[in-house]
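Protein sequences appear in the order of chains A and B.
If you count by the UniProt record's numbering, then the first sequence holds residues 1 to 294, one letter each, in order.
If you count by the UniProt record's numbering, then the second sequence holds residues 1 to 285, one letter each, in order.
Just so you know, the hints here were simulated from the structure itself, not pulled from any lab data.
Keep in mind that a hint or two might mislead.
Straight-line Cα separation of at most 30 Å, DSSO-like style, residue types lysine-lysine; simulated pairs [unchecked claim]:
(1) A/K252 - A/K35
(2) A/K252 - B/K53
(3) B/K53 - A/K236
(4) B/K228 - A/K252
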Amino acid sequence: MDLKRSATIFAWALLLPALLYLALIVAYPLVDTIKLSFTDASLRRTYDWVGLKNYFDIFERGFGSVIVRTFIWTFFSVATKMVIGTCGAVLLNAAVPGKTMFRVLTMPPWIVPMAIGIFMWGWMYNGQFGMISGVAQRLGILDGPFPILATGTSAFIATIVTDVWIGVPMVTIYLLAAMQSIPSDLYEAAWTDGAGRFYRFRRITLPLIVPAMVTMSMLSLISTFNSFDIIWILTKGGPSSATTTMIIDTYKVAIGSYKFGAGAARAVLICIFLSIFCFLYFRAVSRFSGEAAR
Amino acid sequence: MKPTARIHHYRWYELIGIYAGLLLFLAFVLAPFVEGFMVSLKPLNHLFSSPYKFWPEEASIDAYINMWERVPLLGRYILNSIFIAGVGTLLSVIFVTPAAYAFARFDFRGRGPLLGMFLAVNMFSGAVLLIPLFRLMRSFGLINTYFAMIVPGVAFTIPTGIWLLRTYMLRIPRELEEAALVDGASRFYTFRRVIVPLAMPGIAVVAIAAFLTIYAQQFIYALTFNSKTEYMPLPVGLYAFFGRQEVIWNELMAASFVGILPVFIVFIFLQRYLVAGMTAGAVKS
Chain A
1 MDLKRSATIF
11 AWALLLPALL
21 YLALIVAYPL
31 VDTIKLSFTD
41 ASLRRTYDWV
51 GLKNYFDIFE
61 RGFGSVIVRT
71 FIWTFFSVAT
81 KMVIGTCGAV
91 LLNAAVPGKT
101 MFRVLTMPPW
111 IVPMAIGIFM
121 WGWMYNGQFG
131 MISGVAQRLG
141 ILDGPFPILA
151 TGTSAFIATI
161 VTDVWIGVPM
171 VTIYLLAAMQ
181 SIPSDLYEAA
191 WTDGAGRFYR
201 FRRITLPLIV
211 PAMVTMSMLS
221 LISTFNSFDI
231 IWILTKGGPS
241 SATTTMIIDT
251 YKVAIGSYKF
261 GAGAARAVLI
271 CIFLSIFCFL
281 YFRAVSRFSG
291 EAAR
Chain B
1 MKPTARIHHY
11 RWYELIGIYA
21 GLLLFLAFVL
31 APFVEGFMVS
41 LKPLNHLFSS
51 PYKFWPEEAS
61 IDAYINMWER
71 VPLLGRYILN
81 SIFIAGVGTL
91 LSVIFVTPAA
101 YAFARFDFRG
111 RGPLLGMFLA
121 VNMFSGAVLL
131 IPLFRLMRSF
141 GLINTYFAMI
151 VPGVAFTIPT
161 GIWLLRTYML
171 RIPRELEEAA
181 LVDGASRFYT
191 FRRVIVPLAM
201 PGIAVVAIAA
211 FLTIYAQQFI
221 YALTFNSKTE
231 YMPLPVGLYA
241 FFGRQEVIWN
251 ELMAASFVGI
261 LPVFIVFIFL
271 QRYLVAGMTA
281 GAVKS
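In isolation and in its complexed conformation, chain A is listed as follows (with noise of 0.2 Å):
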């Protein structure tokens, strides 16, 4: 018994240094938040408490397009993000010559600075001698330079691809160990069967991964929503905030202007959305992996 106490005693000792670590960078700040939201808080050391004024401001001020915005950019970058990085792990677990050398050559985009893969991304989407205007022309898709990042539409799914670069080598690698781990009796029972290629892909390898796919998207949205480098290197939110998703807009009216009461309204609201998303996904992990749990 007193064994057991000790035990219980020093592995607290041992989680304290995250715990406290965390508590001070992540949930006291979270808290903050919330009060600041209260508030008309800026730069000056003092502030008033103001109820729900800033709540209020927010939906005067046109934040329910920004709000719609932000959950179509995120729908389609998550979406495209699954079915690329889908297909591109089943091509990377067909067992062919070379398959290693795919599988390293996935990655760079997923370890090289965030920034620096967003400044290659600026230059592609050069109008005038980036190489997408560049391709398009000579293929005479297009029959003169097009500012792909200064008009509103093409800004915004441009911004979409570069999220969905970004993100794709972290699905695929993902996916394709959730594929290997697939005990390889099974293709073996199906295949002595008879079962074609295409069937046993249907029957065993996509039910299998399924739980992956589920957890994978989840992780992938929250990101995605909380996406910042990306839209503020390329964009800043522009052309006539086009490109303004709920982050961008946080941090333009709270480090930009300084208005730390009307930003922290609204990243409550997005931690609100986050939540939402954090309870689906720990719903749908328990769902789908009840065998892993203890």
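Got chain A sorted already, so can you dock chain B onto it with the hints?
Below, chain B alone, put in the same frame as chain A:
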């Protein structure tokens, strides 16, 4: 012939399809790098000539030479990036290792929910906590110091680290610690002298993952918490190539490739362990 071998026997048209798909996939993944590299080899006036040409007409390494003069602190920015990621990695490992051990071996009340809470931390990364973090850093007088750029990034590598290392530690046989405890060693001594050495490969994976993550994502904290040029990490420092009117693209790309080099070296040597470690943690979750 074993069935597995014959299952993987592809017909010629299947092979063509697979390779075509792989090449298409890689083209999407690598296009910006290839194009960026081409740009870094082109003189600036060739860059801005129509029609678009993919290959440099006369390749030159001028951009790789001139960039050090255009941005005199470039070397400093790269070192800053490495320093921030290096100290961050050290902090991350210090916090992750004991916590992962607690989650892997001890059955205390509230373990499950706590593990869940740690994972939920990932949710708040990025710009959401920026305002209070800015106030926090300001009240500690840490604005415009390395600390303000190191500390927040570390927090978001802790949950993933704990998850990866916990999985790794679960595979270490319990008997080894029990033997040490029976011999009269204290729990902390057992942790330090038995577990930590055995978990070294797992700790290494956590460290690499933390280094790459912090190196890759130091943009927003540096942008917000630091205005001192000499402390800037590379991603923010590269803004110096954005002139008042135009961007010096060839030098920006050259500097980007030099800035990629540190992570690239880390990655080349360790990708095997990294991928294995990531996937082990991923699948078990």
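Verification of the hints:
no.	hint	in the structure
1	A/K252 - A/K35	holds, 20 Å
2	A/K252 - B/K53	violated, 38 Å
3	B/K53 - A/K236	holds, 29 Å
4	B/K228 - A/K252	holds, 21 Å
Consistency note: the structure conflicts with earlier hint 2 alone.
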